[in-house]
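Here the protein sequences line up with chains A and B, keeping their order. Under my numbering, think of the first position of the first sequence as 1, with each following residue one higher. Under my numbering, think of the first position of the second sequence as 1001, with each following residue one higher.
Among the hints, erroneous ones may be present.
Straight line, CA to CA, 27 Å or less: simulated DSS-like cross-link-like pairs of lysine-lysine [unchecked claim]:
(1) B:1393 - B:1622
(2) B:1204 - B:1311
(3) B:1551 - A:46
(4) B:1316 - A:75
(5) B:1244 - A:75
(6) A:75 - B:1356
(7) B:1316 - B:1244
(8) A:46 - B:1244
(9) B:1061 - B:1106
(10) B:1055 - B:1023
Don't read these hints as lab results, they were simulated from the structure.
Here's the letter readout for the chains.
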Amino acid sequence: MVLVGGLSQDFTAGESQIEVQADNVRRLIEALDRRFPGLGAELEAKMAVAIDGEIYQDPYLEPIDADSEVFFLPKIGGG
Amino acid sequence: MATEVKELKWIGKRPIRPDGVDKVTGRAKFGADLTLPGMLVGKVLRSPHAHARIKSIDTTKARALAGVKAVVTSADLPELASEWVPAGELQINFRDLSSNILARQKVFYDGHAVAAVAATSAALAKQALALIEVDYEVLPHVIDVVAAMQPEAPLLHDDLFTEGVTPTPETPSNIAKRVEFARGDLEAGFAQADAVVERDYTTKPVHQGYIEPHAVVASTSEDGQSEVWCSTQGQFSVRFYIAKLLSMEISQIRVTPSEIGGGFGGKTTVYLEPLAVLLSRQTGRPVKMVMTRAEVFRATGPTSGAALSVKIGATKDGTVTAAEATLRYQAGAFPGSPVQPGAMCAFAPYAFETFKVVGYDVVVNRPKVAAYRAPGSPIAAFGVESALDELAKRLEIDPLALREKNAAREGTHAAYGPRYGPIGFVETLQAVREHPHYQAPLGPNQGRGIASGFWFNIGGESCAMLNVAEDGTVVVVSGNPDIGGSRASLAMMAAEVLGIDFERVRIIVGDTSTIGYTFLTGGSRVTFATGMAVVQAAEDVVRQLRERAAKVWEISADAVIWEDGQAHPAGANAGEFEPLSLRDIAAEAGKTGGPICGNASLNAQGAGPGFGTHICDVEVDKETGRVTILRYTAVQDAGRAVHPSYVEGQLQGGAAQGIGWALNEEYVYDEDGRLQNPGFLDYRVPVASDLPMIEAVIVEVPNPNHPYGVRGVGEVPIVPPMAAVANAIENAIGVRMCDLPMSPPRLLAAIDNGG
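Just chain B, same shape as in the assembly:
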């Protein structure tokens, strides 16, 4: 597929977003907004212990309370075997997922769900939770990832034997998996180096921080059909998970995604949805469940905290001769941290000939991690990009020049295996070099850092449908909840192919019964993969429009071309006819064959990898340890920006989240493993007043596999910020921060200790 060179009417423009009015007027319907007649309120009883054996659960008193209609525990869920089942492009162990939504023999973290109730009011549901008697045998717990890897650590699962080690260990441990990516002779590589930097780094687990808590309404009828409305990144994933967890047929479940108030990867799994269906099934009434913010923090997936060791060596001219990293990622209560993609991303921006990355997936007494933008990559990049900065300083080389010297280009074998096609990493470095920010003067205690980042981007399965109305307006149906502006980008691509005004295209997000299977909104796939489906569905409409015009003109469809939103005779031999617009053809559709509807389904391959480089200026208050972000520029290759404002928004949002990860965000546990800061007051995400305007610079190296050159953009921007901030702090005051968050007390302590 070649990128089109002809001038485009809509791609690259900035039309008003289709969902804008509803969002600014409060009319948009989010997960908690739906109310049904006779609806019950569902609530969840959660473990107060970080690790405990459940000796018994007595629900008698709760069931006896007037107004309580159902109480469920894990005994109400089918027993599932431990097996990894492909779920779209993900691997899910449904036994673990089942144990996460309702604990079985043990609870594994503070906040782990133990039972759920449905009652006629929220107050009664809450009262019922207090009447459930759970007898726990409290067990020793472990949260720190390095501590959890020790042989003497409290063991979470006695049937967990490290995968990826030959022979498989005979004793269980908390290390679920070992992965390794390596190339070349490491020892020889380091022997060639003139300078070697070797450091240990730690990162804290952070929450995705979506503003909208998880929310669901489920209604199950007497014939076993369930309807579910929820806030999710993937209605088809919710449908599949519910079917597996409750042993239902997929066709018994219809899932409608609500408007979504943020997900960032955290809404790619289920917590409440199967419980709401279960409670609805037992009561025969609709059940609504909405998490509190505290529940979101205590029980839903953060990303991993980690401990990394990074060693990089280079010759005097900056050529990296060897690089080594060991990544230890918390998985939470069940296996499945993003250490594997983290290990694949660690050195992905660079053309290192010799490297080794080893990763460990480690279970600890925290909530099971969930995806968070570019899962695994930001953690690895914090270590690698910090070490590269230190190496540049050691070699007295501009850190940008060091990256330019070693940058991956088209044809480079990626550290995770295959050769890169056309990529835009070097172009992002060039854009940084040419940007006024990179040379702007700095004052006392001010410093500048740069860092780069990578994400694969993915394609996957998508469907799209285009319905042409009688007046020639068009409705696009997509199967992807709109998180980052996909309604706009998909409608723009449809308008581009059809040659009509963007305002004449409306787009809706279909439920699981109105559109074919579409993999979830994640992995920066929607504008790429579902965009390709929309383009193909629009091309299907164009084919039909040409056929209808041919019927009107009584010529062959091959003799009709579609240009600028009109059918034209292909040439003089086709005859002389006045052009027919989409509106003209739609008005007569009944006479020429009936309604016009375009469809496409595909499994999109060839997602173009994404690269970004960020520049960060900070000022450090050496008296208090406070870091102020003075200026921030995020540069990224978007392939082709369909709607540049949305691309800029992705870059700004990712950078803001990364800055929070760098400076403030962390969970605070007491000595019993209970979370002490489950709210935005104490878990500090950056707010507008904390940040300068983040400048977004879009580089465009088109992806040849997409008709308009699109690459996904949502993941990469969260990868560079932590190292960019750390490098800027070092540049400002000469203190190398290796532990996140670089909060005032931690930075002050580092300053006091002389760095």
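Chain A extracted, bound-state conformation:
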């Protein structure tokens, strides 16, 4: 699992690649929040998730496979 964008890395002391066991996005965020308190709320408010290249702007129950590649990236708006 990879965090990008810099902002959320405030919570992880700069760590950008983290191994976590979770089978969907909600549980992944919960697991991350347990390890880095405060990160969960930050991710939910500001970040989208890409699972195997597919971007989810409001992720919640999207399943994650054992070999999935997961990125948190800032939410995107537009003009």
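Given the coordinates of chain A, assemble chain B onto it according to the supplied hints.
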């Protein structure tokens, strides 16, 4: 979801636009067209200073003027905490938004709203504004982004501490946020390069330039219910913002979007709407507020001006080994420039292994920026695409070949993280290579430039409703104001699913009480996301039509299929029945279960990223510095063009706006930070006579996540033009322009200085 292969009846055709007649006859009702009985006129008092502390505001004389019904200041607005609140896919700090619509302790830019009045006539309202006495303590101001980042710069907010820096600074500054996207060993990458280009670039803030100024009518009844009619890209966003800013319940507010005369991102926020509700609430009468053009320029969101540094290195064969960019974007008076998406877009078209992008969000004494097509991306692309062009020249490689060599493809890890699915960047480059424009001969002082661009595109929450009338015609209700032709594209998708004539589908834009929550028109999302909702709602209608036919035939609904706008028995075993058309079934709907109405609500995921590449030919008059655009071709992957004329219009419009950004548009301030050119006479956007016919070339690499393969198209076309023009100028006369706009005086000075 797989893209359908069967022949489509409507997708890809060019039917007449549903809103065409009203628009060409002047019947369409825009924001300022509504008049209600007893309506008052609201006007806003604006700051004459770029930065000042408000010591006091005395409204006594204004209130005493006969005909003045209300005067409001920030004291009439609820105090809100500083917190970033999710608003759809956006993050809004409502304390800042509140301070932007009516200044609190300080004004932060020339034109910042200070007070608002409602009176029985425009003349009286204007007179009342002159009677409001504001005591200012004028403060030093800063507009230039680099100057604003210096430690000694005038400080806008004493509680602003740079986010994204560890540890958080102990002293406040104008740098609101630092973002970084990086991969690989930069030093090692540049060490491998045979050629390195390193340049600084600047861009000016530009306005979205919508023709229709902001306009609103608000009417609040005695029981606290407010109705609002306004020109907006998102009626649901307006409803939410008003509710938050005025501490109202969402259900107390009904917002109806008018026809919209352009938005381009600039009408995704609010300025007048909460003030009109506030004034209406205080007076018990409808209040209409319409900005003048000068107010639009002085007080509504432009996009950022910026200072960039770009460094790119490549080997002799054109393989980029390292790329670095530092982006400094003006946010305006409050944090929130599009530097983050700019940083994510900077290298997004390319498969660079090693790169670093750092972005800074910087507050300055200008209006708070608002979204503008592909927010942040055009600025970054100006630097990156200019540097790539220079690198190609240095390496004696065709600039198109350099891009082909490094282009992102399906499976490439995007510079912002995840892998790309099917994308069409390479296909746009190929279309450029095969286009006659790319090889056409050029004359003296003429040059050709190319540049590419990227935007993510988004999906999001949408609802759609389809009502079948008794005669089998259909009305689609959408929650998105139609800016770029979505009425046509949504109606075409409904007709396609239902198998009926496009002319038998009408479409309306619903207000916040007639259709479910739908995220705003922006991000190139409507034909993709709301289109998916319309398709699902139409499929819901088809399901009901099959059930009704099954009732008529007294067979199972599973034994009924829907083809070419008719119900048929699924096969010989289902029985032999004459097909029933939608018209037939609708006529008997009362007998088979009542009216037929299809609904869908969804949160669309899987928006396909968009890529485009533009070719620009210019001729430079070396005596005057004037640049003439001789020929312009915009190529873009649309996934699947539902209505190609509208897609072409998006490409042409984006290119025209980008050319204006490149050549002419800029704000001119005096030494006190007062805007000197708040009108289209002095703020020069391109007009038809400035431009050749822009040729639009649509490439179609379908997005597998949409039933018809749609990708958003509205953002990308404004991304490449500035670099395409700059590269063409360099190709014409050998002068590399790194500062926008490339206006005649600036170009002449560069020519005189030997480039």
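Here is what the structure says about each hint:
no.: 1; hint: B:1393 - B:1622; in the structure: 22 Å, holds
no.: 2; hint: B:1204 - B:1311; in the structure: 21 Å, holds
no.: 3; hint: B:1551 - A:46; in the structure: 50 Å, violated
no.: 4; hint: B:1316 - A:75; in the structure: 38 Å, violated
no.: 5; hint: B:1244 - A:75; in the structure: 21 Å, holds
no.: 6; hint: A:75 - B:1356; in the structure: 20 Å, holds
no.: 7; hint: B:1316 - B:1244; in the structure: 57 Å, violated
no.: 8; hint: A:46 - B:1244; in the structure: 19 Å, holds
no.: 9; hint: B:1061 - B:1106; in the structure: 22 Å, holds
no.: 10; hint: B:1055 - B:1023; in the structure: 48 Å, violated
Violated hints for the displayed structure, listed by number in ascending order: 3, 4, 7, 10.
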